[in-house]
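Enquirer: Letter by letter, the chains look like this.
Number of protein chains: 4
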Amino acid sequence: MGKARLEAFSDGVFAIAITLLVLTIPTPSDYRHLSDALLDHWPAYATYVVSFAVIGIMWVNHHTIVGHFAGLDRNAVYLNLALLATIVFVPYPTGVFGEALQRGQGERTAAVFYSLVMLVNALAWAALWVYGSSGRRLLAPEFPEEQRRTATALFTLGAFVYAATVVVGFVNAYACLAVHAALAVYYALDPVARWVTRFTG
Amino acid sequence: MGKARLEAFSDGVFAIAITLLVLTIPTPSDYRHLSDALLDHWPAYATYVVSFAVIGIMWVNHHTIVGHFAGLDRNAVYLNLALLATIVFVPYPTGVFGEALQRGQGERTAAVFYSLVMLVNALAWAALWVYGSSGRRLLAPEFPEEQRRTATALFTLGAFVYAATVVVGFVNAYACLAVHAALAVYYALDPVARWVTRFTG
Amino acid sequence: MGKARLEAFSDGVFAIAITLLVLTIPTPSDYRHLSDALLDHWPAYATYVVSFAVIGIMWVNHHTIVGHFAGLDRNAVYLNLALLATIVFVPYPTGVFGEALQRGQGERTAAVFYSLVMLVNALAWAALWVYGSSGRRLLAPEFPEEQRRTATALFTLGAFVYAATVVVGFVNAYACLAVHAALAVYYALDPVARWVTRFTG
Amino acid sequence: MGKARLEAFSDGVFAIAITLLVLTIPTPSDYRHLSDALLDHWPAYATYVVSFAVIGIMWVNHHTIVGHFAGLDRNAVYLNLALLATIVFVPYPTGVFGEALQRGQGERTAAVFYSLVMLVNALAWAALWVYGSSGRRLLAPEFPEEQRRTATALFTLGAFVYAATVVVGFVNAYACLAVHAALAVYYALDPVARWVTRFTG
Chain A
2 MGKARLEAFS DGVFAIAITL LVLTIPTPSD YRHLSDALLD HWPAYATYVV SFAVIGIMWV
62 NHHTIVGHFA GLDRNAVYLN LALLATIVFV PYPTGVFGEA LQRGQGERTA AVFYSLVMLV
122 NALAWAALWV YGSSGRRLLA PEFPEEQRRT ATALFTLGAF VYAATVVVGF VNAYACLAVH
182 AALAVYYALD PVARWVTRFT G
Chain L
2 MGKARLEAFS DGVFAIAITL LVLTIPTPSD YRHLSDALLD HWPAYATYVV SFAVIGIMWV
62 NHHTIVGHFA GLDRNAVYLN LALLATIVFV PYPTGVFGEA LQRGQGERTA AVFYSLVMLV
122 NALAWAALWV YGSSGRRLLA PEFPEEQRRT ATALFTLGAF VYAATVVVGF VNAYACLAVH
182 AALAVYYALD PVARWVTRFT G
Chain S
2 MGKARLEAFS DGVFAIAITL LVLTIPTPSD YRHLSDALLD HWPAYATYVV SFAVIGIMWV
62 NHHTIVGHFA GLDRNAVYLN LALLATIVFV PYPTGVFGEA LQRGQGERTA AVFYSLVMLV
122 NALAWAALWV YGSSGRRLLA PEFPEEQRRT ATALFTLGAF VYAATVVVGF VNAYACLAVH
182 AALAVYYALD PVARWVTRFT G
Chain F
2 MGKARLEAFS DGVFAIAITL LVLTIPTPSD YRHLSDALLD HWPAYATYVV SFAVIGIMWV
62 NHHTIVGHFA GLDRNAVYLN LALLATIVFV PYPTGVFGEA LQRGQGERTA AVFYSLVMLV
122 NALAWAALWV YGSSGRRLLA PEFPEEQRRT ATALFTLGAF VYAATVVVGF VNAYACLAVH
182 AALAVYYALD PVARWVTRFT G
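Protein chains in written order, with the numbering used here: chain A, 2 to 202; chain L, 2 to 202; chain S, 2 to 202; chain F, 2 to 202.
The hints are simulated quantities; they were obtained by calculation from the structure and are not laboratory data.
Where hints are given, some of them may not hold.
Given that identical chains are not distinguished, each listed pair holds provided it fits within a single copy or across any two copies.
[Said to hold, decoys possible] Dumping the calculated SDA-like pairs for lysine to any residue here, alpha-carbon to alpha-carbon at most 25 angstroms:
1. 4 / 187
2. 4 / 141
3. 4 / 40
4. 4 / 158
5. 4 / 117
6. 4 / 162
7. 4 / 168
Given these sequences and hints, build the entire structure.
Expert: Here it is, written out as C-alpha cells:
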C-alpha cells in the first residue's frame, strides 16, 4: 500500500472521529429553562473543544511523521490502524468526561479514564515512530540522524507525560482537563513540531 | 502541509458535518398517528434545510478563500481547524433549534444560541481571512489589491450581521430562522461571491 | 470549482449517508429473548438493504451524469447541493419506515413519507440534468444530441414513477417497499444506465 | 467507473464504518460508581477492538484484491456495493454482541448473529473475487494463474470457516469472540495475504 492511500484513509478517519465529537454533547431535556440547560452543558462544550484540538493537532502531526517515512510496510500499516483505533475511541471518554463534570459525579474517574485513553494513544504514536525509525527502517534518507534520536526521546517522554495526566486525574478533574488542553497547545506550538514541519515542507 | 491536503481534510469534515444534520431530526414516538407526528416535526425539517444550505455554501466559499492563498503556514492550518470546529458544532444548535420550535418552549433561547454559534463561525472565517490576507501574507500574487480590502470589509461586516441575528433571536425565533435562510441565499448569490468564483476559476 | 472537487465531496456525502443507514436499525431492548427481538427487526433490515441499494446506485449514476458535463457553473454546484440534501435525508424516512413496519402502526404513512422523499429526490435529479443539458449548457461536446432528449424524457418519467410510488404507499406499505427495491434494480440494470456507462467509460 | 474512484468511495465507507464502531459502546448510566460502570463495559471495548481489527484488515485486503484487477465492470461495481453493505452493517451486531455479553443475556444468540453477519460478508468477498477472477475476467495479466486457483480455494475455505464460527457461537459466546479475533490476526498475517501484498506492491 502506498503512502498516499494510507494517508487518505487516515485523513478520513481523523475527519470522522473529529466530527463525531459533536454527538457527545447531550441534548437538553428541559426546554422550559433552555438557557440554564444550555449553560449547564458547559463541561461538554469544554471537553468538545479540548478533544477537537487534540484530534486536529494529531492529524497535523500524523502528516509530519508519515512524511518522514520513505515508504511503509505491512507492520507499519497495522501499527497505524492501532493508532487510529485509539483516536476513533476518543469521542467515548470525551462524552463521559463532559457528562461527569456536568453531573458533578465521577469527575475524577472520568478524568483518569480520559487520560488513560490518551496514554494508550501516546503509546501507539511511540510504537509507530519507534518501529519506523529504529535502524532507520522506514525513514527517508534525508532525515537527519541526530533528530531521529531527539524525536524518539520526545515520543518516550510524551508517554510519561500522559502517564502523569492519569495521576493528575486522580487529584482533580478540572486540572486534568486543563493539562490536556495545555498539552494540545504544546504539541501545536513546540519547537520539535516546528522542525518537523520544516522537513516535510 | 500542502493546500490539497488541507482542502481534502476540510472537505471530509464538511461532508460529515452536513450529513450528521439528519441525526438532529427526532424520531417519532407515536406511530398510531404517524402523519401528525411527522408533520409536527416540520421545524426540524426547516432547521435541517437551513443548516444544510449554510454548511453547503460554506463549503463552496471555503474553496474560494483557500484558492486565493498561494500557500499555507502552520497558523493558517490551526485557524482552519478552529473554523472547522465551529462548523462541526452546527448540528448541535440545529437540533436544539428544531426541538425548541416543535415544543413551543425556549424558541428564542434556541434562536439566540444558534445565532451565537453562527457569530463565532463568522469570526473564525474573518480570522482566517484577515490572517492570510493582511500584508498579503498568504495571498496569491494575482489577487487584486483593491479586492483584498473589499473582502476584508465584507468579512468584518459579516460578523456584525451575525451579531445582529443574535438580536433578532431575542425578538422572534421564526424571524431569526428566516434571516439565517436569507443570509445563506445571500452568500450563495451575492456579487462578492461572484468575483471570488471568477478568480478561482 | 472543478468537477473533481465536486465529485470528491459528493462521494464523501454519499459514503457517509449510506453508512449512517446502519444507525436506523433499532437496538434490541429485550436480551432475554434476543433471537426473537432480532427477528422482529426484519423490516429494519429490509429497509436498510433497500435504501443502501438506492443510495449506492445513485452514487454510480451521479458519476455518470457529472461525467457527461464538460464543466460546472455555480448554479450546477447549488443544484448538486440540493440533490445531496435529499440523499442525506434518506436515513430518516428509512428508519421511520422500518420502525412502522415492525410496530405494525402507521405503515402506510411511513411508506408515503418514504416515497415522497424519493419523489423530491427524483425532482432534484431531474433539475440537475435539465439545467445542465438544456441548450447543452454544460454537456460535453461528444454527448450525442438524440440521447440528450432520451435522457430528459427518462428523468421526467422517473419523477412520475416516484409520484406513483406515493400512491402505492397509500394502498400497501409492503408493496411500496417492494416497488422501491424493484426501481433500484431497474436503475442498476436498465439499458439507459448502460449507454450512460458506455459513454463515460 | 475507474478503479481509483471505486477505491476512494470504498475507502470512505470503510473509514466511516470503522469510526461508527465507537457509537456501539453504551454510555454509562450510573455516574456515582463510574469506575464500576466503565469496567462493566469491558465486553463493549472487546467487541469494539475485534470489529475495528476486522474492518481495518478488510480495508487492507480490499486494496489488495482490487489491485489485482486490471479494471472493473458494472457487475463488479455492484458486487462491491453488496460487499460494502455487509461491512457498513458490522457496527450493529458489534453493539448487540457487546451489550449481550455485558448483560449476561442472549450472549450466544448475539455471537451467532455476529458470526452470521461475518459469514454473509465472507460470501460477499468470495462473490467479488470469483466474479472478477473466473476466466480471468478482470484479472491483471501479470497475476499468476496458479495463484488465482489458490486464492479461489482460500476464499471458499474462508466462507466455510465463518460458517464454523456460527457453530462456535451456538456453543460459547466468548470462544466465538476469541475465534473472530484470531481470524482477524490470521488475515493480517497469513502467507496468502503476504504474496498478495507482494504483487500489488
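Enquirer: Each hint needs a verdict: does it hold in this structure or not?
Expert: Comparing the hints with the structure gives:
{"no.": "1", "hint": "4 / 187", "result": "between (27 angstroms within a copy, 24 angstroms between copies)"}
{"no.": "2", "hint": "4 / 141", "result": "both (12 angstroms within a copy, 22 angstroms between copies)"}
{"no.": "3", "hint": "4 / 40", "result": "neither (44 angstroms within a copy, 37 angstroms between copies)"}
{"no.": "4", "hint": "4 / 158", "result": "neither (27 angstroms within a copy, 32 angstroms between copies)"}
{"no.": "5", "hint": "4 / 117", "result": "neither (30 angstroms within a copy, 34 angstroms between copies)"}
{"no.": "6", "hint": "4 / 162", "result": "neither (30 angstroms within a copy, 32 angstroms between copies)"}
{"no.": "7", "hint": "4 / 168", "result": "neither (37 angstroms within a copy, 40 angstroms between copies)"}
Checked against the numbered hints given earlier, this structure breaks hints 3, 4, 5, 6 and 7; the rest are met.
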